[in-house]
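A.B. asks: One letter stands for each residue in the lines below.
Protein chains: 4
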Amino acid sequence: MFNEVTPNPKRPEGTRTQNYNPGAWWQADKMKDECGVFGIYVHPGMDVDITQLTYFGLYALQHRGQESAGMAVTDGQNIKLHKGMGLVPDVFSGNVLNDLTGLASIGHVRYSTTGASEIVNAQPLVFRHRRGMLGLAHNGNITNVNVLREILYSHGAIFQSTTDSEVLVNLIAHHSQHSVESGIKKAMIDIEGAYSLVVLTTSALTSALYAVRDPHGFRPLCLGKIGETWVVASESCALDTVGATFVRDVQPGEIIRLDKDGLTSLQTQAAAKSTFCIFEYIYFARPDSTIDNFHVSTVRREMGRQLAREYQVDADLVIPIPDSGTSAARGYAEELNMPFEEGLMKNRYIGRTFIQPSQQMRDLAIRLKLNPMREVLAGKRVVMVDDSLVRGTTSKRIVKMLRDVGVKEVHLLLSSPPVIGSCYYGIDTSNRKELIAATKSVAEICQAVGADGLHYLSLEGLLSIFGECTGGFCSACFDKKYPVEIPNNAGKFSLE
Amino acid sequence: MFNEVTPNPKRPEGTRTQNYNPGAWWQADKMKDECGVFGIYVHPGMDVDITQLTYFGLYALQHRGQESAGMAVTDGQNIKLHKGMGLVPDVFSGNVLNDLTGLASIGHVRYSTTGASEIVNAQPLVFRHRRGMLGLAHNGNITNVNVLREILYSHGAIFQSTTDSEVLVNLIAHHSQHSVESGIKKAMIDIEGAYSLVVLTTSALTSALYAVRDPHGFRPLCLGKIGETWVVASESCALDTVGATFVRDVQPGEIIRLDKDGLTSLQTQAAAKSTFCIFEYIYFARPDSTIDNFHVSTVRREMGRQLAREYQVDADLVIPIPDSGTSAARGYAEELNMPFEEGLMKNRYIGRTFIQPSQQMRDLAIRLKLNPMREVLAGKRVVMVDDSLVRGTTSKRIVKMLRDVGVKEVHLLLSSPPVIGSCYYGIDTSNRKELIAATKSVAEICQAVGADGLHYLSLEGLLSIFGECTGGFCSACFDKKYPVEIPNNAGKFSLE
Amino acid sequence: MFNEVTPNPKRPEGTRTQNYNPGAWWQADKMKDECGVFGIYVHPGMDVDITQLTYFGLYALQHRGQESAGMAVTDGQNIKLHKGMGLVPDVFSGNVLNDLTGLASIGHVRYSTTGASEIVNAQPLVFRHRRGMLGLAHNGNITNVNVLREILYSHGAIFQSTTDSEVLVNLIAHHSQHSVESGIKKAMIDIEGAYSLVVLTTSALTSALYAVRDPHGFRPLCLGKIGETWVVASESCALDTVGATFVRDVQPGEIIRLDKDGLTSLQTQAAAKSTFCIFEYIYFARPDSTIDNFHVSTVRREMGRQLAREYQVDADLVIPIPDSGTSAARGYAEELNMPFEEGLMKNRYIGRTFIQPSQQMRDLAIRLKLNPMREVLAGKRVVMVDDSLVRGTTSKRIVKMLRDVGVKEVHLLLSSPPVIGSCYYGIDTSNRKELIAATKSVAEICQAVGADGLHYLSLEGLLSIFGECTGGFCSACFDKKYPVEIPNNAGKFSLE
Amino acid sequence: MFNEVTPNPKRPEGTRTQNYNPGAWWQADKMKDECGVFGIYVHPGMDVDITQLTYFGLYALQHRGQESAGMAVTDGQNIKLHKGMGLVPDVFSGNVLNDLTGLASIGHVRYSTTGASEIVNAQPLVFRHRRGMLGLAHNGNITNVNVLREILYSHGAIFQSTTDSEVLVNLIAHHSQHSVESGIKKAMIDIEGAYSLVVLTTSALTSALYAVRDPHGFRPLCLGKIGETWVVASESCALDTVGATFVRDVQPGEIIRLDKDGLTSLQTQAAAKSTFCIFEYIYFARPDSTIDNFHVSTVRREMGRQLAREYQVDADLVIPIPDSGTSAARGYAEELNMPFEEGLMKNRYIGRTFIQPSQQMRDLAIRLKLNPMREVLAGKRVVMVDDSLVRGTTSKRIVKMLRDVGVKEVHLLLSSPPVIGSCYYGIDTSNRKELIAATKSVAEICQAVGADGLHYLSLEGLLSIFGECTGGFCSACFDKKYPVEIPNNAGKFSLE
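Chains as they are written, first to last, in my numbering: chain A, 1 to 496; chain V, 1001 to 1496; chain H, 2001 to 2496; chain B, 3001 to 3496.
These are computed hints drawn from the structure, not numbers from a lab. Since we're looking at a predicted model, the values are computed, not measured. One or more hints might be untrue.
Just the calculated beta-carbon pair ranges, DEER-fashion [as the list claims (entries may be wrong)]:
# : chain 1 : residue 1 : chain 2 : residue 2 : range
1 : H       : S2441     : B       : L3263     : 48 to 56 angstroms
2 : H       : G2045     : B       : D3090     : 38 to 46 angstroms
3 : A       : I420      : V       : Q1447     : 41 to 49 angstroms
4 : V       : E1444     : B       : T3101     : 39 to 47 angstroms
5 : B       : S3179     : V       : K1481     : 19 to 27 angstroms
6 : A       : G406      : V       : D1323     : 20 to 28 angstroms
7 : V       : R1348     : A       : E310      : 53 to 61 angstroms
8 : A       : P44       : V       : Q1447     : 52 to 60 angstroms
C-beta: ideal position from N, C-alpha, C; glycine also.
Could you build the full structure based on these sequences and the hints that come with them?
C.D. replies: What follows is the structure in structure tokens.
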């Protein structure tokens, strides 16, 4: 184990990891996934294998975080924890699950929003405090974490990790003079930002699982049932995978308590207007999830249709950049009745680890992931659809690759508006200066990626898809209207 | 290292591997992938990183074998070998490639056609013999291996592994009194069956790389160029990935020699009629490969179109079983102008390892891989297209899952004929008795998988796609016309 | 990583570790080693490789703890930590040390005195607190830990591990309103029990290394110098190994501060009478260490001589149980001018891990460690000397083994008094009920181990070796006179 | 797995193993251990856990080889093999032994006499040949291996490893037209050099275990019994450890066959005079073994006594270099009635792996293994005894270390004659030019190591210990009288 606890750590250097992570490479034009949470509390008397269900649930949420995974399980008295770096099947290999049994469980998959990529930052976090034991898993980002930490310092608190989640745990413990439940309520008054939490507690008296969503409802969290057993998960695809029936979304500002007596809901003060992250629909959520009554895959195809209504390109065929652009590309082609082709073949074995390519191999590396099919593309004028564009580096490589196989024209269409603002609510956008749309005009971006044309979906067009029936969105990355105040010096490593 | 050398080994039991391999689960309705080979000989003076190129090439061929991977590299005098169990990025992690440099290299990915899944059976094989060193990688299956081995035994030969490939190496050494090249030629006279080989040789005088294809041309093998540097690979997608230009297929019965003077071709006696494996087009080859001038993805879509011409089902939409049925489903929908939907969402993180699901979780396990989208499917009559059906067990689970989300009718269409015969030329079909079409009528199969209708593409329809312009196919798995005599007691473990 | 955080954990079961730890087997008649600490602060301008020196120092202290090892290093701003389960060379393998450089370092080897054997309990502990960062390594046992923890709980503290050391860290942080130094002083007023500490601190202003010894001086801690660079270590053998000159022992109640300006000493209130653990001389310390001016190996030989003065056995030769009885056996033989033989040959490759022996192999297992030499022993009357006897189980097996090779008489002599009391100051004695001398007379013990005679060194005889020149000893395990109050319910897992 | 098959490999470089092997460091003055073999054939009907017994036996023989370990087990039909790099408990960890059961077993521990340190060279070797399966483990060195290999090459043989053992296996297979037994007999006619073999065979008819010793009897091999079950082992300490009774040594030129009918012995032509390696008594064998009726530990003490008779040094005390010089030092002190002290304390945790010490730490590294006790040594004139001197580098460091703690005079006494010749019969001496005694006079060696005096035991004195009752010895390393012709160009890597 390598615990690195430093005030100002740098990202892991090439010297530390011998394998090259292609994520940074392929996904240079992508915002980074965040985290996913899962929880289950067995209805008394039901025969449910909660650790395998949690494993299944985390597997279904793997797209929300691939750096670490963990599970905390209580038998009613103790909380046992297993976590590690890597993918769910790697972390929970061998007989690990056999050692974890109990009546309630929480799980977490993580991409590092705050804190470096180290085991000490993996979740769930499990601590003992004055009222028993507590496990916590967190999706989101606390914006006033520095203020909170100073206050806790002044009370003698010490911190082992660099995550805002450890501040959350200390704050809850700090406020739990009477009960953990009152501790959670008081902590919600103090903290600002985005958080969907699952919290597992045990004490001499009882054990419970809390599902908590911030007053703005930035990040998703939903509720399902297997018979009488309650399940919570970041997305409904995890409910499907464990065989649970979707019940409803957890509401902004809601605290749900699950225990042996079933479900209790407490609605704390919600924000005047919920501001759900619209990027979940654009890129993060799994296509087969349904959030706030909108089916993600259907929304994405509709984005393609709307894009088609905004821009009609004179071309021979429509291709997606797989898999992120697939639904929108299909919608675009359908709306304009254009031919749709999978012109870029994706290597389905491409994974997270990869050797460091030598200098002369750098340009080839993109071919490991995507291979343009000359037979389909040569001599054609092509509309290539993706969901978004962050830095433009990968797009440039793909455009070049298309020209190499004889594509005559490449028109790049994005099913979202230009990304001009960093996110402070749980998504790892690049630094603002790396956001190509923050500094360049559309024409300049088009030239930078080498395309013959480039178009973004309008923000109005995007929002029009949801009609009037929704509570509202956070679209700060497109319009820099931040629903919750952001700190002067915020960023991924603000805690470090 | 666990070398298991046993005359009659059993397949690895669950007791041996703590992780459950979902392959057996998901792919119970699939024939098993075979092997892939790759080779490169650097043109003198060119600055080419052959080990990284071989790594890239094997990565592109990963679909042809996921059990082991290996690479043998010569610096002109010695041959160094690195191989291991697992996927390409796992076997070649860390600094392994840094220890391998040279002027020529061969590589192999393996799914066990003959021989158990043990490291001792991984390839390439590297030996020293009277004329120097020799490395060999093999895709295919030798049908008269038992006869050959008895002959070699009588000359005092000993064998460490259970592969037909080790028999090949001994046979070549046995015949190499004068030169390895004459040894290869003589061995080709002795051996019967399917083989696409790459052979690396070094001696005091010279080093060379041979690419060899059996007289029937059962398995693919093609030739490409990076500048003046020659490359050979099982499929053209590997040429694309290393940035090579496709030159031509290696011909049935051809021996190609690559050395410092470039390429020399020797055409040995080819079979009267080449019998290329038609299942490469149906399932094995990557969609973006082109074999014998036919683009695989295009062929598959055409299979769907032909299927549509043979059977017009009255339904609301067409969905594929991803990824194997995707091209054909699209062709079917296009031909009949029906709506096409990706109604089954595939978890793109599903991998090779998986915990052993508990009894109550068995039926859920399929959901980890595929999630049916209720929003798209509920209340619909659905045509579900796959490429083939072997045992029918997974299909049955998928049909049930569709009904669970409210599908009204499920019609299963297969873009290939019924599989009634085992393969002896390099593909791991199940035992004949496990082939559902070998013992059941189409109506019985339909009932077994619980579908409302089930149709296979006809063999005539399948062959019609290729027209007259091709040399001929082996379609023994459909019609039991075996182009090369098969032994009485052949099978995967015949050598053991 | 497997973090187990449970209120009442059990020791790891056989089901958790597939390898059998022979420690429990061989050492069933031994008290368990405790912990060792090491620290170094480089004199400015000196070129000293502190991480390699710390590695050497921990290697020399390996006998004090084999379960985990760790090192924390500061560059003046941050503290980096590396720790793991296992022996020093295993934990610090590969390039780990290359990532750790700086101006001061502390290290720890651990056998679990409190807390289960889990990575979360390994030391040093490193935390950030209001005044900077702090690393701590601890040898000893805090007796009033439960009281202290309740107080810290009431201030909102949370705990991740089950060690008393984490309580120490929280307490120091709690008291560090003004400075860490004042925090350490105040903490020393609160805590009771045994502790030799090294503490590494950094802040915006400065960094320092503190060496602290409890007022009773239960556990050893000494000070040395390499040129102008100060070194602290649990035993002087570690000073020798890093090439340092021994300067003096750290005094009971002393706080030594090492920083860029050199050494500062603060003498806090020491106990009226120091009570150094006499068992360090009997068994724990390395023979080549010198503690409080007594050379351990010389003391042990003198114990054997004193034993000879107390009991003269009529026998043919004297043999030790290696290695614990070697010095005393030699002293015994010398005093009585009897032949000394190494009649039990120790396998020098015997290690920590071992397969679980099958039932029929249980009695053989002792032979893996010790082989009696028939040529030396057959037909002889033998005096067998060991340092102490805890449970008697291994002694019984050895006596039987001696008889099997034809020994006529076996007289077991112990160079220490009967162990009748548990230790609460940092040594893992068994439960009192497992201490054979707590419930049985000497005659009964003799019968239990199957010897022809059995004698213990008297406590008076033991103490007489040290004369009048020493400050005093804790001999509570022999006389149950506990110098510091022990809690009602103390024990290894009191924190859990 | 990293198989390196190269004609002229070099020893593994520092670049390959990140950990520094202290063997090369500590043991620079030592000849290298060779190999050890073990075998057991269960008497029908007896309940014997042969794999655990083999594990125990190999553990007892660990001193004969620490680079790799392996075990081959037959159930009467198949032979299963498990082998790996490292120590016995590391290679056979986890559940490995559970997978190995049967009625006969052979095992091997290896230090590389010929062939590089790679898994492909680990033993036992297991092959299938015309008459069934065959496993072989070898201790020794074949001197005419190059001739034999050329002959086998001419018959078409191929080789995967660089060991002479693989040549042995091929030769036996080559000669086994009628039976393995006749193959072994014929092979013994062809091969020259040193070999103690255990060979496991299975065929349709029967299975058997052969124990074979070369006609000169260079290396030890002995026979024991557990009830009616036969056991063979390199040394009798392994018989003791598995609870077997010593029966007799296997005779030079003897082939012993163990099968279901018990033991059969065939005496082939033995050499006119047996030439057992005298260095086994001096250094290699375990002190508690008995070979050819001489107890090793007793012989070593007698060497010390003889040394005392040849040289009486005027000094204050005698100390050994542990552990190799301990017995002889004791004998020397006893004979002259001088005080004996363990003046150099050995760190009992010193192991095989070690970080690469930085330049400034090189001189300290010896202190990790040995710590001189100033309390015992300061101001004294010391006789330091070791068994032999090869290069003198470590001795020089130890002498310096003694002077650093105040020793007034250091006299180095060796209990064997000067080593002036390389060994070709299974021991890895250094190159002849590295043997300090091959090029320097005793006076020059004394000066080189910095001692005040240096004496070797005379060859006559050494041989006098054994009297007339023994068959004869190979003492070629002392007198260069080689009993078997050595090749012009022999050496460790002659095969590569």
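A.B. asks: Please go over all the hints and tell whether each is borne out by the structure.
C.D. replies: Comparing the hints with the structure gives:
1. In this structure the hint that S2441/H and L3263/B lie 48 to 56 angstroms apart at CB holds, the actual value being about 52 angstroms.
2. Restraint check, G2045/H to D3090/B: a C-beta distance of roughly 44 angstroms satisfies the suggested window 38 to 46 angstroms.
3. For I420/A and Q1447/V, the Cβ-Cβ distance of about 59 angstroms falls outside the hinted range of 41 to 49 angstroms, so the restraint is violated.
4. Distance hint for E1444/V and T3101/B: a CB-CB separation of about 44 angstroms, consistent with the stated range 39 to 47 angstroms.
5. Taken as a hint, the range 19 to 27 angstroms is violated for the pair S3179/B and K1481/V, whose Cβ atoms sit roughly 45 angstroms apart.
6. At roughly 26 angstroms, the beta-carbon separation of G406/A and D1323/V lies within the given 20 to 28 angstroms, and the hint holds.
7. Hint check: R1348/V to E310/A, Cβ distance near 29 angstroms, so the stated range 53 to 61 angstroms is violated.
8. Judged by the Cβ atoms, the range 52 to 60 angstroms given for P44/A and Q1447/V is violated: they are separated by roughly 42 angstroms.
When held up to the earlier numbered hints, the structure conflicts with 3, 5, 7, 8 and fits the remainder.
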